[in-house]
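Protein chains in written order, with our numbering: chain X, -7 to 514; chain H, 9 to 89.
Because the hints were derived from the structure by calculation, they are not lab data. Wrong hints could be hidden among the right ones.
Stated by the list, open to error - Think about it this way: if two alpha-carbon atoms lie no more than 30 Å apart in a straight line, the pair counts; the simulated BS3-like pairs of lysine-lysine are: (1) H/K15 <-> X/K481; (2) X/K504 <-> H/K15; (3) H/K15 <-> X/K129.
Next come the chains, spelled out residue by residue.
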Amino acid sequence: MNLNDQILIHHFLEKSARDFPEKVALIHEDIRATYAQINSKADQLACLLGDLGVTKGDRVVLILENCLEYVVSYYGILKAGAVAVPLSSDIKPEGIGFFLKELEPKVIIASNRSERALKAADITPYNIGALILRSPKFKWDSTTFSVFVWEDFINEKGNFAPDIKIDESSLACIIYTSGSTGIPKGVMLSHKNIVSNTNSICEYLRLTNKDIQMVVLPFFYVMGKSLLNTHFAVGGSVVINNKFAFPASVVKQMAVEQVTGFSGVPSTYAYLLHRSPLADYRKSLDSLRYCSQAGGHMSFQIKDELRKTLPAHTEIYIMYGATEASARLTYLEPEHLYDRKDSIGKAIPGVTVRIMGADNKEVSPGRIGEVVGAGANIMQGYWKDKQATERVLDKNGYHTGDLGYQDKEGFLYVVGRKDNLLKVGGHRINPQEIEDAIMESGLVIEAVVLGLPDELLGDKLVAIATPKDGDVNESHILSKCAQKLPRYKLPGSVILVKGLPKINSGKINRSKCLEFITGNKD
Amino acid sequence: MSELKDKIRSFIVDNFLFGNDDGLTDGASFLEEGIIDSTGILELVSYIEEEFPFSIEDEELIPENLDSINNVVNYIEKKSS
């Protein structure tokens, strides 16, 4: 199969619906939906959106957890020539106005889970044409926009044949990323951005229609989205499990559904290792071909424990990327997990990654600079934010804000974030190094190191960690760290908690952690 | 309503719904309804372990035991018996 003939994202679905119409594309609890069913519903939705006046370039906001309706909506919006803008399904009322104001969406598709927030937010001022709600619980009388119940709406027959005159450079998705400032930025991704990245990922993971992916990451997060795109591109299947908070149920379903792939961020694996019966299921995971990890640096401690816990035939792919890169920039071939310890590997097919100095010139191997990626996957820019776009995009590509280096054989390493460096006394300190040392103690599941403003020191180091068991205390951790770190890199205190606050993708929410400490101090 | 159910309901309402129990039914899935996220489940686990004389094993961290007020109550009753 030549994937390169597909130039728009929904072509992947259409091709798989032609090649494998009766194949189960999506499994979610009791639902098993085939490619033909999903494609036909997506066609129907595209027509219905056309009836509502949605046309090329219009934004349609999706506030849905991972489910069949999300998938139908995503492809339906793209088929209508519109732009899919997925937002977190846990959005709070006070957050909604910001997005609606800058996106000016024509339609919102949401589930009853976010209905309460939409009701509380008062979305009347934002000139929305229609709100489509799955299983609504509230009455929506006297609104200035039309309100439809998804279950009725999707069974209507749309009359409008959508104006599909879009090309590969057309905007397909806006995905929000919070960045260092905490103000969300809308990453604009074209069909070409996503299609090219999807093709690269399918190539290096050697995905085929036999692949079955367990999805615990939300589709509104770029890595979750790439799991959907890649498996629909090859005619594989995705198994949705939104209950990773109960890791045992996920591991069990992986065995039952005989999944071939699992993907997570560092905390996903920390919890799989320490809060689930993964080791007991080792013998039941005979289909599990690989596990992939992205979404930030994962300590070597976890990689090593994972390698020892997973079945020997399950490969581990360490990957690196950014929302701005449609997901993926680099990956490490599994056989290098130990001999290229902590490397993020090399650029994926079709992408170049270079380490650049402050003078915007490539630095020599071994020297630290900024990681800069270039290729067809790099975003068009940030939605309505030219200044922010100009700060990160130039002729060299996308400046990730990550600091890293390359070894003599071209393997890349990320050492930290440009804006995460802390100043303690006269020293510049990279919190990642201290977090790694805490993890290496083998006493904790996850850890974060933050700087608290301090008049004398500049920053004062504080760690928050989740202990593996109740017997672990602060001095155990600090004494282990003292064997690895010089005194000035030792945190002043280690606060032990049951779990670190996360954003929806499962990444640690550093600003919430900081609030937690300052709240503690006040 | 049983005393145990009352106790669990109050914990959920006070810690995750900011004291407003509007529409929270005993059978509602904490995760599906967006009442508790994954960190919240761990808070619930640690609350149960502090309040009751048993610990929760990793394989018991499943929705059938912990994903609604009813499930939590049934689970605690089973473990305590």
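Here is what the structure says about each hint:
1. Using a Cα cut-off of 30 Å, the hinted pair H/K15 and X/K481 is violated, with the two alpha carbons roughly 44 Å apart.
2. Restraint check for X/K504 and H/K15: the C-alpha separation of about 28 Å stays at or below 30 Å, so the hint holds.
3. Under the criterion of a C-alpha separation no larger than 30 Å, the hint pairing H/K15 with X/K129 is consistent with the structure, at around 27 Å.
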